[in-house]
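Sequences and hints are given; from them, build the entire structure.
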Amino acid sequence: MTFIQTLMNSKKHIDEVDLDISVADNVAVRPRLERMRFLEAGVEANLYRMLYSHGPGNGTALFMPFDQKSSEHGPGHEFLWERDDATAEEINLKGKGSADIRAIAELVNSGNFSGYVLHPGNIRQSKHLFRPDIPLIYKIDGHITQPLSAGIMSTAGTIEDALKYGASAIGLTIYPGGEHIKADLERAAEIIREAHKVGLVAVVWAYARGPGLDEKIQLKDKNGEFQGMTQADSLYWTHYAVSIASGLLGADLIKTKYPLKIKPDNRRAYDAYIDSLAKKNSSMIAYKYLEPKDAETALTMEQESLRASLVVQAAPYSIVIFSGGPKLPGNPTETLKKQTEILMKAGAEGAIYGRNIWGLPVKEGLETARAVNDVISMPEFHRKLTEPRFTGY
Amino acid sequence: MTFIQTLMNSKKHIDEVDLDISVADNVAVRPRLERMRFLEAGVEANLYRMLYSHGPGNGTALFMPFDQKSSEHGPGHEFLWERDDATAEEINLKGKGSADIRAIAELVNSGNFSGYVLHPGNIRQSKHLFRPDIPLIYKIDGHITQPLSAGIMSTAGTIEDALKYGASAIGLTIYPGGEHIKADLERAAEIIREAHKVGLVAVVWAYARGPGLDEKIQLKDKNGEFQGMTQADSLYWTHYAVSIASGLLGADLIKTKYPLKIKPDNRRAYDAYIDSLAKKNSSMIAYKYLEPKDAETALTMEQESLRASLVVQAAPYSIVIFSGGPKLPGNPTETLKKQTEILMKAGAEGAIYGRNIWGLPVKEGLETARAVNDVISMPEFHRKLTEPRFTGY
Amino acid sequence: MTFIQTLMNSKKHIDEVDLDISVADNVAVRPRLERMRFLEAGVEANLYRMLYSHGPGNGTALFMPFDQKSSEHGPGHEFLWERDDATAEEINLKGKGSADIRAIAELVNSGNFSGYVLHPGNIRQSKHLFRPDIPLIYKIDGHITQPLSAGIMSTAGTIEDALKYGASAIGLTIYPGGEHIKADLERAAEIIREAHKVGLVAVVWAYARGPGLDEKIQLKDKNGEFQGMTQADSLYWTHYAVSIASGLLGADLIKTKYPLKIKPDNRRAYDAYIDSLAKKNSSMIAYKYLEPKDAETALTMEQESLRASLVVQAAPYSIVIFSGGPKLPGNPTETLKKQTEILMKAGAEGAIYGRNIWGLPVKEGLETARAVNDVISMPEFHRKLTEPRFTGY
Amino acid sequence: MTFIQTLMNSKKHIDEVDLDISVADNVAVRPRLERMRFLEAGVEANLYRMLYSHGPGNGTALFMPFDQKSSEHGPGHEFLWERDDATAEEINLKGKGSADIRAIAELVNSGNFSGYVLHPGNIRQSKHLFRPDIPLIYKIDGHITQPLSAGIMSTAGTIEDALKYGASAIGLTIYPGGEHIKADLERAAEIIREAHKVGLVAVVWAYARGPGLDEKIQLKDKNGEFQGMTQADSLYWTHYAVSIASGLLGADLIKTKYPLKIKPDNRRAYDAYIDSLAKKNSSMIAYKYLEPKDAETALTMEQESLRASLVVQAAPYSIVIFSGGPKLPGNPTETLKKQTEILMKAGAEGAIYGRNIWGLPVKEGLETARAVNDVISMPEFHRKLTEPRFTGY
Amino acid sequence: MTFIQTLMNSKKHIDEVDLDISVADNVAVRPRLERMRFLEAGVEANLYRMLYSHGPGNGTALFMPFDQKSSEHGPGHEFLWERDDATAEEINLKGKGSADIRAIAELVNSGNFSGYVLHPGNIRQSKHLFRPDIPLIYKIDGHITQPLSAGIMSTAGTIEDALKYGASAIGLTIYPGGEHIKADLERAAEIIREAHKVGLVAVVWAYARGPGLDEKIQLKDKNGEFQGMTQADSLYWTHYAVSIASGLLGADLIKTKYPLKIKPDNRRAYDAYIDSLAKKNSSMIAYKYLEPKDAETALTMEQESLRASLVVQAAPYSIVIFSGGPKLPGNPTETLKKQTEILMKAGAEGAIYGRNIWGLPVKEGLETARAVNDVISMPEFHRKLTEPRFTGY
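Protein chains in written order, with the working numbering: chain A, 2 to 394; chain B, 2 to 394; chain C, 2 to 394; chain D, 2 to 394; chain E, 2 to 394.
Among these hints, one or two may not hold up.
Identical chains share a label here; the pair holds if one copy fits it or two copies do between them.
Under the rule of at most 20 Å between Cα atoms (straight-line distance), these lysine-lysine pairs were calculated in the PhoX-like manner [as the list claims (entries may be wrong)]:
(1) Lys13 with Lys165
(2) Lys165 with Lys281
(3) Lys13 with Lys280
(4) Lys281 with Lys328
(5) Lys281 with Lys264
(6) Lys294 with Lys385
(7) Lys183 with Lys280
(8) Lys264 with Lys280
(9) Lys13 with Lys339
(10) Lys165 with Lys128
(11) Lys338 with Lys328
Just so you know, these hints were derived from the structure itself, not from any lab.
This is the structure:
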C-alpha cells in the first residue's frame with residue numbers, strides 16, 4: 002500500500018503519519034534523455050545542451066528568466082534593486098539597475114545557467130549581449146497586469162524568429178482555469194507542434210489562473226460573503242496543470258509553481274471544492290489529506306518533498322522545473338538553497354529563479370547562483386546517461 | 002543606496018527628500034546607434050536619417066504628427082486655427098487654415114523636423130506636397146472617438162503601401178489597459194516584425210487606456226461611488242507601457258505620454274491600486290512615494306525630470322520621445338521650451354508636438370519649432386557617434 | 002479673424018452674426034484633377050469620365066443611385082411610383098413602375114448623369130440595359146433593415162466583378178459610430194486599396210450611425226429618461242465622417258449626408274456631447290455655436306452654405322457630393338434646385354439624388370434631372386483645367 | 002456560284018474575270034456591338050469607347066501605335082523626323098522630334114484617334130501626358146530586332162498594370178510561323194482570358210513570321226539555291242493569322258498586315274506551297290488564283306478590296322483593322338487615303354497608322370490624321386446601332 | 002532641318018559637316034524630378050536622395066560600383082592595385098588592397114558619391130562598414146565569365162532583402178542581343194515592377210551583348226571568313242539598349258556604355274548591318290553617317306557629345322548615366338575629367354566609375370573622385386527644381 006492510499010484509508014492527514022522519502026526513488030522514475038526516443042533529433046540536441054552542456058549538468062538545470070519586466074510585472078521591479086556597485090563607466094555600459102538587461106546578460110554569461118528566458122522585444126534588442134552558446138528560451142507570449150486582464154497570453158513572437166535568433170527552445174504560458182481555456186490550449190498545442198517540427202524544445206509555463214481560483218466569484222456563501230478560494234498554487238492545481246502540459250500538450254520542459262499549502266482562510270473553500278470533485282471521483286479526496294490537519298500547521302521538508310514529488314511525477318516524460326519554493330525563514334540565500342533541495346529531492350530536474358537572483362547586486366547574484374548550482378549538481382540528483390553516443394564509448 | 006531605495010526605506014515622498022539630477026547620467030545610459038547592432042541595415046539607415054540627418058540631429062529628434070484630424074479628434078481642430086495670414090492665391094494653394102494638410106506640409110518642409118506622421122489617406126492624397134527626403138512615419142492604424150469606442154486601433158494601412166510611399170517608419174498604437182489587449186499586442190507584434198523585415202523603423206504609440214484607467218468601472222467604493230481612477234498618464238502606466246513596447250514588442254522608437262502627477266481626485270484610487278500590486282511585488286510601492294506627499298503640491302522641474310527619467314530608462318535599447326509635458330504656467334512657447342528641457346534632461350531622445358505647433362499661424366509655428374529645436378539640440382543632449390563609418394574616419 | 006473664431010470668441014451663435022459667403026472662395030480651395038497627382042492613371046481616367054465626360058461636366062457631377070431597393074429600403078419603394086406614361090407594350094418592356102430597373106436604365110441612358118450606382122445582383126442581371134459608356138459605380142456592399150441590424154455592411158461583391166462588368170468605380174459604406182467600427186474601417190481600407198490598384202475610383206458613403214447616435218444608450222438622465230441624441234446627420238458627425246473617409250481611408254469621392262440643424266428635442270444631448278469633447282479639445286465648442294441660438298429658428302441659405310462648406314473642406318483632396326439637402330418649403334423640383342444651389346455654393350462637387358428623381362414618372366424624372374443639371378453646371382461652379390493635355394493645347 | 006468558286010472552277014486568276022465589289026455587302030456581314038452579346042460588360046464598354054465615343058466613331062476606328070521605338074525598330078526612327086518647328090520652350094515641354102513621346106501625346110490628344118498603343122515603360126513614364134479619356138491599348142509584350150531573334154514576344158507587362166494605368170485594352174503579338182508557336186499561342190490565350198475577366202478588350206497583332214516565311218530555310222531547290230518564300234504579308238498568311246486570332250484565341254480586335262501581292266521572285270515558291278496544301282485540301286488552290294496571272298501585273302483597287310475582304314471575313318465576330326495598305330504611287334497623304342478606302346470597302350473596321358503620321362511634323366501629322374478620319378467616317382462605312390440603350394430611345 | 006537630316010540628305014559623314022553643340026539644349030530636354038509625376042513617392046524619395054542629397058547634387062550623380070569582383074571580372078582585380086598608403090594596423094582593419102571591400106567602404110564614406118553598388122553577398126557581409134545614409138544600389142543579379150557564358154544574368158538577390166538592407170535602389174542587367182532575350186526582358190520587367198511597388202528605384206545596366214555582336218556568327222562572308230561585327234558599344238546598340246530599358250521596361254535610371262566609334266576592322270560589318278536595317282526603315286541609315294568617313298579618323302569632343310546626346314535622348318523620362326567614355330590621351334585623371342565633361346555636355350545626368358577610382362590607392366581615389374565631382378557639379382549641368390516643396394518656398 003502506498004503512502005497516499007494509507008492516507009485515504011486511514012483518513013489521516015499528511016502530518017498525522019510517518020514519512021520516509023527516498024531521493025533515489027524519486028529520481029529513478031524521472032525521464033532520461035536516452036529513453037526519450039520520441040524527441041526529434043533537433044529537440045534532443047537542444048535539450049542535451051540545457052541538461053548536460055550548460056548549467057549544473059548531469060541531466061539537471063537552473064534557468065534565469067527575464068520576462069517579467071516586459072509584461073506581467075512591469076518595470077516597477079527595477080526600483081528595489083538599484084545597482085550600487087557600478088562605476089560611472091559601468092553604468093554607462095551596463096545600465097543603472099540589476100533589472101537592466103545589461104546586468105542580466107552579465108549574470109547569464111558568468112552564472113553557470115542552463116539557459117535563460119527573454120521576450121521577443123528584448124531578444125531583438127539585446128541578444129548580442131549574451132554568450133551565443135548559452136541556450137536561449139524564446140518566450141513567445143506575454144501578458145499584461147491590468148484591471149480587466151485578458152486571461153490568455155498574447156502570442157507576440159514567432160517560431161521563425163526563435164530560429165533566427167538562435168533559440169534552443171520556445172516558451173509559452175497556459176492558464177488552466179482561465180475563461181479562454183479552449184483557445185489557450187489550441188494556441189499552445191499549435192505552437193508546440195510547430196516548435197517540434199523545427200527542432201526546438203517546447204517549454205510550458207503551466208500556471209493555473211482565472212475566475213474561481215484567484216478571484217472571488219463562485220466561492221461565496223449564500224449571503225454572498227467570500228469563503229475563500231481554491232488557490233492557484235495549491236497542490237491540486239499545480240498537479241493538474243503539469244498533467245495537462247505533459248499529457249495533453251506534450252511539453253518537453255514544464256515550469257510549474259511550487260505547490261503551496263492552502264492558506265487558513267482558503268481551507269474551507271478548498272476542502273469543499275475537493276469534496277465536490279470526490280463525489281464523482283473518490284480518489285480526489287487525497288488532496289484533502291495531503292494538507293496538514295490544521296491549516297495553521299507548517300509542513301516539514303519531507304512533507305514538502307512528498308507533495309512536490311506528486312507534481313513532478315504527473316509528467317513522467319517531461320522535464321519539470323519549479324519557479325520557487327515554500328516560504329522558509331532565515332537568510333535569503335540559505336532559504337533558496339533549502340527550497341532547491343526540497344525540489345530536487347522531489348525528483349524535479351531543477352529550478353528557474355529570477356528576482357531572487359537578478360534582484361541582487363550582480364556580484365551577490367552570482368554568489369547566489371553558485372550556491373544554488375552547488376545544490377542542484379549534487380551527485381544524488383544526477384541523471385547519468387549510459388548510451389554509447391552520450392558517454393563516448 | 003539609490004534615491005528610490007531611499008524613498009522606500011524612509012517611506013518619504015519625492016518632495017520630502019533632496020534631489021540631485023544629473024543630465025549626463027541620464028543621457029549616458031541611453032542607446033547609441035553604433036551599439037544597436039541588432040538593427041537591420043535598413044532600419045538603421047532610416048533611424049539614422051531621423052536622428053542624424055534631419056531635425057535637431059546628434060541623435061535627438063523632433064517630430065510633427067498630423068494624424069489627429071483623420072481619426073481620433075476629428076476635423077473640429079480646424080476651427081481654432083484659421084489662417085489669417087494667407088492671400089487669396091495662397092488659400093488656393095495651401096488651404097484655409099493651419100490644420101489644412103497644405104499648411105502642415107509647409108511647416109514640415111521648412112521647420113527642421115526629424116520626421117512627420119500621417120495617416121494612409123492623407124499620405125495617398127498629399128505626400129507629393131512634402132519634401133521627399135524628410136522621413137515619413139506611416140501611421141498604419143487609426144481610432145475614432147465615438148460613444149462606444151473600439152478599444153483597439155483599426156489597421157487601415159499596409160507595410161507595402163508604407164514602402165510604396167517612401168516611408169522611413171511605420172507607426173502604430175497599443176492600448177495597454179484595453180479590453181482587447183490580447184489581440185492588440187498580437188496585432189502590434191506582427192506589424193513590427195513585418196516592418197523590420199523590410200527595413201522600416203517601428204514606432205509605437207504606447208498609450209495606456211481602457212476600462213479601469215479612464216473609465217469608472219472597478220474603482221468605486223462599496224456604495225458604488227466613484228473613488229477616482231489610476232490615470233492613464235500616471236507614472237505607473239506610462240512606465241509600464243514603455244516597458245511593454247520595448248521588451249515585449251521590440252519597438253525601435255516609442256512615443257509615450259508624459260507621466261503626470263496624480264490628480265487630487267484620483268490619488269486615493271491610485272494609491273489603492275499600487276498597494277494591491279505591492280502585495281505581490283514589494284518594490285511596486287515606490288510608485289506611491291514618487292508622488293508628492295500632498296496631491297495638491299506641484300512638482301519641481303527636478304522632480305519632473307527624475308520621474309520622466311524612469312519612464313525613459315524602461316527602454317534601454319529603444320529611442321523614447323514624449324508627446325507633451327507637464328502643465329506649466331506662462332507664455333505657450335516658453336512653456337513648450339521648458340517642458341522640452343525637462344524631457345531632454347530626463348534622457349529622452351526628443352519630442353513630438355502637434356497642435357502646439359500646427360495650431361498656430363504658419364509663421365508662428367515655424368518660430369515655435371525653431372525654439373524647441375534650439376532646446377533639443379543643446380550640446381549636453383548630444384548622442385555622439387564614434388564608429389569610423391559614422392564619423393567619416 | 003475668421004467667422005468661426007468670431008463665433009467662439011464672442012460666444013455667439015451662427016444666427017447672431019452677419020455672414021458673407023463667397024462661392025468663389027469655397028470653389029477655389031477644392032481639388033482639381035490636374036493637381037491630384039496621386040491618382041493612379043486608371044483612377045484619374047475614370048474620375049475624368051465622371052467629372053468631365055458625362056453629366057454636367059466641368060469638374061462637377063450628378064449621380065443616380067439605385068441601391069436602395071436591393072438592400073437598405075427594400076422593394077416597398079415601388080408602391081409609391083407607378084408609371085403613368087407607359088403604353089402596354091412599354092410596360093412589358095420596361096416594367097411597371099419607375100423603381101423598376103428598366104425605368105432606371107431609361108433615366109440613366111438619357112438623363113445626363115455623371116454615373117449611376119447599382120448592387121452586384123442588379124449589375125449582373127441588368128447591366129446590358131445601360132449605355133456602356135456611362136460610368137457605373139459598383140456598390141460592393143449592402144445592408145438590410147431588420148430588427149437586429151448588423152451595424153456594418155456586407156461585402157457582397159468583388160473588385161474582379163466590378164472590372165468584369167466595366168465599372169468605373171466601386172462604392173462602399175462606412176458607419177462611424179457603429180459597434181463594429183474596427184472591422185468596418187479595416188474592411189473599407191482594404192477594398193479601397195484593391196480598387197486603386199486596378200484603377201477604379203473608390204467612392205465612400207460616409208454615414209455616421211450606431212449606438213450613441215440613433216439609439217438611446219448614454220443620452221439618458223439619472224432616471225434613465227431619454228434626453229435626445231447627437232444626430233447622425235448633425236454637423237459634427239457629417240464633418241467627422243468626411244474627414245475619416247478622406248484622411249484615414251483616402252476615398253476619391255465621398256458621399257455624405259447633408260449636415261442638418263439639430264432638432265429641438267436633441268439639442269440638449271448634442272450640446273452636452275460637444276461640451277464633453279470640448280473639455281479635451283477646446284475648439285470643438287464651435288459646433289455648438291454653429292447651431293442657431295434657438296433650436297427652433299430656421300437657418301438661412303447663407304448659414305446652410307457656410308455649415309455645408311465646413312463639411313466639404315474636411316476633404317481637401319477628395320471629391321465631395323451630398324445625398325440630399327436641408328428641408329425647404331415649396332414645389333419639389335424647386336426645392337431640389339435650391340438645395341443643390343446651397344451645396345454647390347458650399348463648394349461641393351455635386352449631388353446624388355435617387356428617389357427624388359426615379360420616384361417620378363420617367364418623363365418628369367428626366368425634367369427634374371435636367372433642372373438639377375442646370376444648377377450644377379452654372380459657370381460659377383466650374384472647375385476649369387489648365388494642363389495642356391486636358392485643354393488640347 | 003461565288004466569285005472564288007468561279008475562279009477555282011474556271012482556273013482563272015483574279016485579273017482574268019470581272020469583279021463587282023459592293024461595299025454594302027462587305028459591311029453588312031461585319032459584327033455589330035449589339036449582336037456581340039458574348040462580350041463581358043466591361044469589354045463591351047471599352048470597345049464602345051473605341052468604336053463610338055472616340056475617333057471616327059460609328060463603329061469604326063483609327064489607332065495611333067507607338068511601340069516601335071521601345072522594341073522592334075529601336076530609336077533609329079527618330080532620325081528622320083526631327084522637329085524643326087519647335088521653339089526652345091516647346092522643346093523643353095514636348096521634346097525635340099516627332100518620335101519623342103511628348104509629340105506623340107500632342108498628336109493623340111488632338112488627332113481624333115480611337116485609341117493609342119504604348120509599351121509598359123512608356124506608359125509608366127508618360128501616361129500623364131495623354132488625355133485621360135482616350136482609350137489606351139497597353140501593349141503587353143515586345144520584341145527586339147537582333148541577329149538571333151527570339152521568335153516570340155517577351156511579356157513585359159501585366160494585366161494588373163494595364164488596369165492601374167487605365168487601359169481600355171491589352172495588346173499582344175502572335176507569330177504564326179514562328180518556331181515557338183506552341184508556347185506563343187498558349188501565352189496569348191492566357192493573356193486574353195485574363196484580360197476578358199477584368200473587362201479589358203484583347204487586341205491581337207496577328208503577324209505571320211518565322212522560319213519558312215521570311216527566312217530562306219526550306220524554300221530551296223535540290224541544289225540548295227533559294228527559290229523564294231511564301232511571304233508573311235501574303236494573302237495566305239494574313240488570312241490564316243486572322244483566323245487563328247479570332248477562332249482559336251477569341252481576340253476582340255485584330256490588327257493584321259495588309260495582304261500584299263506575292264512578289265515576282267517569290268511567286269514560284271508560293272505557288273508550290275499552295276499546291277502542297279491543296280493536295281490535302283482542294284479548296285486551298287484558290288489562293289493561287291487570287292494572285293494575278295502574271296506576278297508583275299498590278300492589282301486594281303477592286304481586286305485589292307476583294308482580297309482584303311477575305312482577310313476581314315475570316316473574323317466574323319472580331320473587329321479587324323489593318324496596319325498599312327498596298328503600295329500606291331503619288332502624294333503620301335493621298336496614298337494613305339486611298340489605302341484606307343480600300344480597307345474600309347473590304348469591310349474592315351479601320352486602320353492603325355504609326356510612322357505615316359507621327360513621322361511628320363506635328364501639324365502635318367494632324368492634317369494627315371484628319372484626312373484619314375474623313376475617309377473612315379464616310380456614311381457608307383457606318384455600323385449603326387439600333388438597341389434602345391445605344392440610341393437613347 | 003536638323004543636323005542628322007542634313008547628314009542623311011547630303012550623304013555626308015559626321016566629320017564632313019560643321020557641328021554646333023549646345024549644352025543648354027541637351028540639358029533642357031532632360032527629365033526633372035518635379036515633372037516625373039509617375040514616380041511612386043518612395044521611388045521619388047530615393048531618387049531625390051541620389052540626385053540632390055548625396056554626391057554632386059543638383060540633379061546629377063556620380064556612382065561607385067563594386068560588383069565586378071563578385072561576378073563578371075573576378076578577384077583578379079585585386080592584383081593590380083595594392084594599397085601603398087596603409088600602415089600594418091590599417092591593413093589588418095581595412096584589407097590589403099584598394100579592391101578590398103573595406104577600402105571601398107572608405108572611399109564611399111568620404112568620396113561624395115551619389116550611391117554605391119554591391120552584390121547581395123557583399124551587402125550581407127559588409128553593409129555595416131558603409132555610412133547608413135548613402136544610397137545603396139542592391140545589384141540583384143550577377144554573371145560569371147566562363148567559357149560557355151550564360152548570356153543572361155542570374156538573379157541572386159531578392160527585393161525583400163534589398164529592403165531589409167536599406168537599399169535605395171535595385172540594379173539589374175539586361176543583354177539585348179543575347180540568345181535568352183525573351184526570358185531576360187521578362188525577368189527584368191518583373192523585378193522592376195516589384196521594385197516600384199515597394200518604392201525602390203530601378204536601375205538597369207543596358208548592355209548589348211551576345212551572338213552577332215561580340216561573337217562571330219553571321220558576319221562572315223560566303224567563304225565563312227570573319228568580316229567584323231557590329232560592336233556592342235556602337236552607337237546603334239547603345240542607342241537601342243537605352244530605348245528598350247526606358248520605353249519597354251520603364252527603368253528609372255539607366256547605365257549604358259559609352260557609344261564608341263566603330264573600329265576599323267568592324268566598319269564593313271557594321272555598315273552592312275545598318276544597310277540591312279535601312280531597307281525596312283530608311284532613317285536607320287543615319288547610323289552610318291554618324292561614323293567618321295574614314296574609320297581611322299578620331300572624333301572630336303563635339304562629335305562625341307553629339308553622338309552621346311542621341312543615346313541620352315532615347316530616354317526622355319529616365320535618368321541616364323555612362324559607365325565610361327571615349328579613349329583619350331593623357332594623364333588618367335585628366336582623361337576621366339574630359340570624358341565626364343563630354344557626357345555631361347551630351348545631357349547625361351552623370352557617371353558611374355569603378356576601377357578608375359577604386360583601382361587607385363585610397364587617397365588618390367578620393368582625389369580623382371573629387372576631380373570628377375567638380376566637373377559634374379558645374380552650374381551648366383544643374384537640373385534646378387522649382388516646385389515649392391523642393392525649394393522650401
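The hints, checked one at a time:
1. In this assembly of identical chains, Lys13 and Lys165 lie within 20 Å of each other by CA distance neither inside one copy nor across copies; the values are 55 Å within and 47 Å between.
2. Proximity of Lys165 to Lys281 under the C-alpha cut-off of 20 Å is found in neither arrangement, the shortest distances being 49 Å within a copy and 35 Å between copies.
3. Only within a single protomer do Lys13 and Lys280 lie at most 20 Å apart by alpha-carbon distance; the minimum there is 19 Å, versus 34 Å between protomers.
4. Taking identical chains as interchangeable, the C-alpha atoms of Lys281 and Lys328 lie at most 20 Å apart only when they sit on different chains, with a minimum of 14 Å there against 34 Å within one chain.
5. With identical chains, the CA atoms of Lys281 and Lys264 are at most 20 Å apart between copies only, with a shortest distance of 16 Å across copies and 25 Å within one.
6. Taking CA atoms no more than 20 Å apart as the test, Lys294 paired with Lys385 passes in neither setting, with 39 Å inside one copy and 56 Å between copies.
7. Taking the shortest Cα distances, Lys183 and Lys280 never come within 20 Å of each other, neither inside one copy (25 Å) nor across copies (31 Å).
8. Only between protomers do Lys264 and Lys280 lie at most 20 Å apart by alpha-carbon distance; the minimum there is 16 Å, versus 24 Å within a single protomer.
9. Taking the shortest Cα distances, Lys13 and Lys339 never come within 20 Å of each other, neither inside one copy (27 Å) nor across copies (36 Å).
10. In this assembly of identical chains, Lys165 and Lys128 lie within 20 Å of each other by CA distance both inside one copy and across copies; the values are 11 Å within and 19 Å between.
11. For the identical chains of this complex, Lys338 and Lys328 are intra-copy neighbours only, at 12 Å inside a copy versus 51 Å across copies, given an alpha-carbon limit of 20 Å.
When the structure is compared with the earlier hints, violations turn up for hints 1, 2, 6, 7, 9 and for no others.
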